[in-house]
Structure formats: C-alpha cells, structure tokens
Amino acid sequence: MTSLEAIGDLMNRIGIRRITEDGAEYWELPVAPHVVNLSGGLQGGLLATLVDVAAGSAALAGRPAGTGVVTSDLNIRYLRAVTAGTARAYTRIVHSGRRSTVVEVEVRVLPGDALAVLATSSFANVEFPGIGTPPA
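Using numbering that gives the first Met the number 0, read the sequence shown as starting at 0 and increasing by one per residue.
The hints are simulated quantities; they were obtained by calculation from the structure and are not laboratory data. Don't take each hint at face value.
Just the calculated beta-carbon pair ranges, DEER-fashion [stated by the list, open to error]:
{"no.": "1", "residue 1": "THR82", "residue 2": "ARG17", "range": "21 to 29 Å"}
{"no.": "2", "residue 1": "PRO32", "residue 2": "ILE92", "range": "33 to 41 Å"}
{"no.": "3", "residue 1": "ARG12", "residue 2": "PRO63", "range": "30 to 38 Å"}
Idealized CB from N, CA, C, for every residue including glycine.
Could you build all of it, start to finish, from the sequences and the hints given here?
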C-alpha cells in the first residue's frame, strides 16, 4: 500500500469526504458514532484534521508539478459542538507567496449553516523533486 492509498483509507474510515458543488470544492465530516466524543459531538482532533485536509487541498490547488505544501502552523477556535448533521469546511486563501501560503477555514454545521470552527492554517511551500513529473 502506498502512502497515498493509506491516507485515502484513513479518510474513508473516519468519514472525511470531498464534495464538489457548483464548481467549488468542500470537505465534509458527518456525525457518526465512531467519530464523536463522550458528549456526542465530533471529536476536536478530527475537526482539526478536517481543517488541515481542507486547507491543504486549497493551498495545493494551482501549485506547479514537483512542488507541494507542508503544514507549518494551525490555529483553531472551537465555537460550537457539532452533534448532528455534517461539518463542512469552507476555505479562503489569505496569502499565497513564494515561500508560504495561508488559508482561512470556516467549519459550518449542515443543515443550518451555524459556524462551529474558525481556523487559520499556514503552509510552507516546498519542492518535491520527481513528484508530478513524467517518468524518463
């Protein structure tokens, strides 16, 4: 199993999924018995994972072949428990430079659109020689 397959398997087990709607990409995590804490809300670490996945996906969009991003900072504010429905992450690029990318993420509860998490994630832009380049 490759690293990419292992990460995909982990996301499937947790329930994190990518949604495309009207040409926009979102990431979601539905409330389910295997991902809630003792209070019945989505576990905070899994919400942080949702934020990191959504922000990383946004930061990667448009990057040239052979480059990527690595999380350098994650600031997260939990504003409300997600006890029913689905947590959906909405992203906005705040800064995109030569060395770093900063993404703001709002996690909202569907249905209803209540704000549950507000986060900012910073990424270092890195080179990955050989990734995204055709074999010789």
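Margin query: Output the indices of the hints that this structure fails to meet, ascending.
Written below: Of the numbered hints given earlier, the structure breaks none, since each of them holds.
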